[in-house]
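There are 2 protein chains.
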Amino acid sequence: MTDKPSVLRDTDDEARKLARTLLRSARSAALAVLEPGENGFPFVSRALIGIDIDGTPVILISKLSTHTQALTLDNRCSLLVGEIGKGDPLAHARMTVQCLAEKVERDDTRHLRLRERFLRRHPKAELYVDFPDFAFFRLTPQRASLNGGFGRAYALDGPDLMITSPAIADLVAMEGRAIDHMNSDHADAATRYAQTFCKATEEGWTITGIDAAGLDLSLGDKLKRLEFEQPLQSAAELRPLLVRLYG
Amino acid sequence: MTDKPSVLRDTDDEARKLARTLLRSARSAALAVLEPGENGFPFVSRALIGIDIDGTPVILISKLSTHTQALTLDNRCSLLVGEIGKGDPLAHARMTVQCLAEKVERDDTRHLRLRERFLRRHPKAELYVDFPDFAFFRLTPQRASLNGGFGRAYALDGPDLMITSPAIADLVAMEGRAIDHMNSDHADAATRYAQTFCKATEEGWTITGIDAAGLDLSLGDKLKRLEFEQPLQSAAELRPLLVRLYG
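Chains as they are written, first to last, in numbering that gives the first Met the number 0: chain A, 0 to 246; chain B, 0 to 246.
In isolation and in its complexed conformation, chain A is listed as follows (with noise of 0.2 Å):
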């Protein structure tokens, strides 16, 4: 039972809720490419997954890995997001997701946000980031299909999984001061939310990234997406939401 011999649901505003908050607190995925010189092969093995500030997944890979000479011969891909946890794993919510790949080049103008973004989610890859073999790919949503557990299946459009916003560009300029601000002088901040907003039960989050349409909290190896109910419309918006959702 891989997939529900799916009555697809019509996809309301929850579904595309949980879409996106399983693919924006997803550290990695399955990613499926075809295998170079064998005329199509699927392959699938396992990225860290960044999300870029319009909601675009992120990955970081080598030049000498199956993958980039993959999607360097043909640019469709697919992602699995949804992490198995205890009991059935056909139990838990997964999605998938269908992409176009763009590498992203280091004079890119959104290379260093990508960089900030993805280092702050996996800061070990601070380790082989700047090698010259390393590159980044923004994976743009085409369609997803999402099974939110036994009977929950719905299909969802690549705009679905985006964030769209007149904020993205003041929010890009700022995301940076306002994460460390709200790390050091509203340390406890993250851990509200994360425990208000997202079932979380520890002490000790922090904030790795905000953007129009949420935060991402993280503890260690753990990471929670907080969606907030409507995306931001301009960048002044957002500290009088954090200290709402504080409380």
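Here are the simulated DSS-like pairs of lysine-lysine, each with C-alpha atoms no more than 27 Å apart in a straight line:
#1 A:K198 x B:K221
#2 B:K16 x B:K221
#3 A:K221 x A:K16
#4 B:K123 x B:K102
#5 B:K16 x B:K198
#6 A:K123 x A:K102
#7 B:K198 x A:K221
#8 B:K221 x B:K198
#9 A:K221 x B:K221
Pairwise CB distance ranges (calculated):
#10 A:M161 x B:T200: 40 to 46 Å
#11 B:L63 x A:G36: 29 to 35 Å
#12 B:L63 x A:T71: 31 to 37 Å
#13 A:A186 x B:D73: 49 to 55 Å
#14 B:E125 x A:M161: 37 to 43 Å
I should point out that these hints are in silico values taken from the structure, not numbers from a laboratory. Note that the structure is predicted; figures quoted are calculated from it, not measured. For glycine and all other residues, C-beta sits at the position ideal for the given N, C-alpha and C.
Given chain A, put chain B in place with the hints provided.
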């Protein structure tokens, strides 16, 4: 760093044992196929994994699923096994197995043993295993890529993952009874095996599979694989081996 900029190591017996253990202890896997009607777009989702008596991985999927439709059109597929534990997802061993899928019909002589072996490992599948739209597929490994953690990459051939022994036919005939006997009359044995050979700490393990190359041990949602030093050459070797392993 999806695939390590791969300096492949020589594939030795230790690597083969790790590969077999990873595959045979997997409860589920990411399964990549080619999406039907999408001109070869890769598509990855999650499937429960069983193992046939000869080591072949097995899935149980519905005719209505993307997987069945895909594999009916093109039987090439890719499995990713190796669960993510704590810490860096890329520090954990995982393996990509390139397979060719073959549907096993209900009147096939192999169907009964596949069904029994699968249900011992996944008892909840009893709910749907006999639905008319569900079928087993054997996924015969063609080659594999093992990543044992940073800098430990190995290439394997399909036969490295298979179990070959003249004892297989006799083991098929006796497996169910042997398991019942061990779990009823020597109920502590599975726990002792799991603790002695598989780093388990809990009590309450049971045996869910016996083949020429080892034992499958289950406790709730957990699955461990005990690989014998050498495959059994006759079914008569099983009993003395189980006694010796009990210590």
